[in-house]
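> So the sequences go chain by chain: H and E. Residue 162 in my numbering is what sits at position 162 of the first sequence, and the numbering runs on without skipping anything. Residue 280 in my numbering is what sits at position 13 of the second sequence, and the numbering runs on without skipping anything.
These are computed hints drawn from the structure, not numbers from a lab. Any given hint might turn out to be false.
From the structure, some residues in chain H lie toward chain E, with a derived Cβ separation under 10 Å [as the list claims (entries may be wrong)]:
id: 1; residue: ILE142
id: 2; residue: ALA174
id: 3; residue: LEU179
id: 4; residue: LYS212
id: 5; residue: VAL213
id: 6; residue: ILE221
id: 7; residue: SER228
Here are the simulated DSS-like cross-link-like pairs (lysine-lysine), alpha carbons at most 27 Å apart as the crow flies [to be verified]:
id: 8; chain 1: H; residue 1: LYS17; chain 2: H; residue 2: LYS81
id: 9; chain 1: H; residue 1: LYS263; chain 2: E; residue 2: LYS505
id: 10; chain 1: H; residue 1: LYS19; chain 2: E; residue 2: LYS327
A short list of chain H residues far from chain E (calculated; beta carbon distances all over 10 Å) [as the list claims (entries may be wrong)]:
id: 11; residue: GLY6
id: 12; residue: THR22
id: 13; residue: SER33
id: 14; residue: LYS53
id: 15; residue: GLY63
id: 16; residue: SER74
id: 17; residue: THR91
id: 18; residue: SER149
id: 19; residue: GLY177
id: 20; residue: ASP198
id: 21; residue: ALA207
id: 22; residue: GLN208
id: 23; residue: LEU251
We put the CB at the ideal spot given by N, CA and C, even for glycine.
Number of protein chains: 2
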Amino acid sequence: MEKIEGNLLIIGGAEDKEKDCTILREFVKLAGSGEAKIVIMPTAADQPEAVGKLYNSLFKDLGVRDVEVLKIESRYDAFSKVAQKTIEEATGVFFTGGDQLKITSLLGGTPVDFSLQRAYKSGVVIAGTSAGAAAMSATMIIGGNSDSSPQMGILNMAPGMALFNQVVIDQHFAQRGRLGRLISAVAQNPYILGIGIDEDTAILVDAQANLKVIGSQTVTIVDGYNSSYTNVSELRPKQALAITDAVVHILPNGYRFDLKNRKPVTD
Amino acid sequence: MEKIEGNLLIIGGAEDKEKDCTILREFVKLAGSGEAKIVIMPTAADQPEAVGKLYNSLFKDLGVRDVEVLKIESRYDAFSKVAQKTIEEATGVFFTGGDQLKITSLLGGTPVDFSLQRAYKSGVVIAGTSAGAAAMSATMIIGGNSDSSPQMGILNMAPGMALFNQVVIDQHFAQRGRLGRLISAVAQNPYILGIGIDEDTAILVDAQANLKVIGSQTVTIVDGYNSSYTNVSELRPKQALAITDAVVHILPNGYRFDLKNRKPVTD
Chain H
1 MEKIEGNLLI IGGAEDKEKD CTILREFVKL AGSGEAKIVI MPTAADQPEA
51 VGKLYNSLFK DLGVRDVEVL KIESRYDAFS KVAQKTIEEA TGVFFTGGDQ
101 LKITSLLGGT PVDFSLQRAY KSGVVIAGTS AGAAAMSATM IIGGNSDSSP
151 QMGILNMAPG MALFNQVVID QHFAQRGRLG RLISAVAQNP YILGIGIDED
201 TAILVDAQAN LKVIGSQTVT IVDGYNSSYT NVSELRPKQA LAITDAVVHI
251 LPNGYRFDLK NRKPVTD
Chain E
268 MEKIEGNLLI IGGAEDKEKD CTILREFVKL AGSGEAKIVI MPTAADQPEA
318 VGKLYNSLFK DLGVRDVEVL KIESRYDAFS KVAQKTIEEA TGVFFTGGDQ
368 LKITSLLGGT PVDFSLQRAY KSGVVIAGTS AGAAAMSATM IIGGNSDSSP
418 QMGILNMAPG MALFNQVVID QHFAQRGRLG RLISAVAQNP YILGIGIDED
468 TAILVDAQAN LKVIGSQTVT IVDGYNSSYT NVSELRPKQA LAITDAVVHI
518 LPNGYRFDLK NRKPVTD
């Protein structure tokens, strides 16, 4: 695992917005609490206006005065100087859920994308929930059967925002029965770590490549690096996958994982 | 893993009954093909009459002349000499789906149960699908959330028929997103091997403790034996589970697993 360059908060969707708001509160804290400048990116959302408003009022309720919703509805918008400046002044950026392809197709390679990368490298916390989580990795899952056996062709992947490399993120993980598709992704390149994040659960990844779990459910890490066998290269579509000796870690709130050495930290 | 004493065909439910009937055909072959004497046990079923009839005509279509449906609707029935004799003369016994607790509560400790155990030890193939599969192990899953994070108290277990020891069987596995509950079972006693069987998929277990996969989907084996850590003994209900370094094997049709040494056979 390469050095990770900033702070990522990657949320499996459906984070609590009514009770303790543990995950959103953590985001606010990482962004600087009362002093935070939060930019909401509802780029993935079907109804960006409504979703933007929702998170706006959530972050205000959590004590942040400076919250802005950045609307990017075309690649043209993503070339605007104002938009770049908004990102560059942020201390925290939050990607909502929706369709991860909207994020990459609207932002990929634009000045706003580069502003995001720079912000990330300079230590700004970048958060994403659901589609916003999926889009973080270099190769992202854009579709595929839930509640399915691991098999060939149940998975569609595309180039992601590449803030978090050498991993594939899946979200709504246990709630939608997505082990099959995550393990199918890992079998294709066992160097990639599969990270399945449950609802109301997040991983916080810091610049030292430490991962920490926050939230009410669990994170499932699938490591195929030492797997002894897979048939993935011989399969035709719909054929069932084989993989042996994959290692799985299930980590709840407070547990940590050393991404560099691919090991849970259990001290 | 102790020596297994006979042949078990354990099916994850929804086995194909219309096209190739691969799994049912395998059962018929193991029971002696045209010479087979098959006894159908619809004990678990809500509508034993209808289910009995269905499998009766399926096995007849597959070339077995001697098929009988053994109706056990009370523990009293399970003490009948005729029922015992029926089991003792069988070359294959098939448990249908339904509610696994009906199997154990009606048969557990009865003469028919002992006849089954004797038949099994003498080499008669015992098959079960869905609930009939779940009931095979010494401790069986009787309920628990599907599509759920691994956590405390999502799992109800009960004593099973104990034909297959040191394992816990789960069925409709990928289709209902049951990794969470299977891994919760394994964490409670990592010596127990978790075996999740997908729909239209079966494991054939022989007297030498070899397991072979048959069918269109996959079998997921969760081995917690070398897991480095679990928090299971400290959890309160609904708290999320931790387990690290569990080993997972995904095995499709034709793949084998050595239960004694807990290793896939990939020669």
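> For each hint, tell me whether it holds in the structure or not.
Hint-by-hint comparison with the structure:
1. Interface restraint check: ILE142(H) against chain E, minimum CB-CB distance 20 Å, threshold 10 Å, status violated.
2. For ALA174(H), the interface hint holds, the least distance from its beta-carbon to any beta-carbon of chain E being 4 Å, beneath 10 Å.
3. The closest approach between the C-beta of LEU179(H) and any C-beta of chain E is roughly 5 Å, which is under the 10 Å cut-off, so the hint is satisfied.
4. Given hint, LYS212(H) at the interface with chain E, is violated; its Cβ is 13 Å from that chain's nearest Cβ, farther than 10 Å.
5. For VAL213(H), the shortest C-beta to C-beta distance to chain E is roughly 9 Å, which falls under 10 Å, so the interface hint holds.
6. The criterion of a C-beta within 10 Å of any C-beta in chain E is met by ILE221(H), whose closest approach is roughly 9 Å, and the hint holds.
7. Taken as an interface hint, SER228(H) checks out: its beta carbon lies about 7 Å from the nearest beta carbon of chain E, inside 10 Å.
8. Of the supplied pair hints, the one linking LYS17(H) and LYS81(H) is violated, its CA atoms being roughly 32 Å apart against a limit of 27 Å.
9. With a C-alpha separation of about 26 Å, the suggested pair LYS263(H) and LYS505(E) falls inside the 27 Å cut-off, and the hint holds.
10. A hinted pair counts as satisfied when its Cα atoms are at most 27 Å apart, and LYS19(H) with LYS327(E) does not qualify at roughly 59 Å.
11. Against chain E, the non-interface label of GLY6(H) holds: every CB pair exceeds 10 Å, the least being about 26 Å.
12. At roughly 13 Å from the closest C-beta of chain E, the C-beta of THR22(H) stays outside 10 Å, upholding its exclusion from the interface.
13. Listed as outside the interface, SER33(H) is consistent with that label: its C-beta sits roughly 27 Å from the nearest C-beta of chain E, beyond the 10 Å cut-off.
14. With a least beta-carbon separation of about 30 Å from chain E, LYS53(H) lies farther than 10 Å from that chain, consistent with its non-interface assignment.
15. At roughly 28 Å, the least C-beta separation between GLY63(H) and chain E is larger than 10 Å, which holds for a residue marked as non-interface.
16. Residue placement check: SER74(H) keeps its beta carbon more than 10 Å from all beta carbons of chain E (closest about 37 Å).
17. At the 10 Å boundary, the C-beta of THR91(H) stays outside the reach of chain E, the nearest C-beta of that chain being 30 Å off.
18. At roughly 4 Å, the least C-beta separation between SER149(H) and chain E is not larger than 10 Å, which violates its mark as non-interface.
19. Here GLY177(H) does not stay apart from chain E, with its beta-carbon only about 2 Å from theirs, under the 10 Å limit.
20. With a least CB separation of 5 Å from chain E, ASP198(H) falls inside the 10 Å interface cut-off, contrary to its annotation.
21. ALA207(H), annotated as away from the interface, keeps every beta carbon of chain E farther than 10 Å; the closest lies near 24 Å.
22. Look at GLN208(H): its CB is around 20 Å from the nearest CB on chain E, clear of 10 Å, so calling it non-interface holds up.
23. Remark: the non-interface label on LEU251(H) conflicts with the geometry, its nearest Cβ contact in chain E lying 6 Å away (cut-off 10 Å).
This entry does not satisfy hints 1, 4, 8, 10, 18, 19, 20, 23, going by the numbered hints stated previously.
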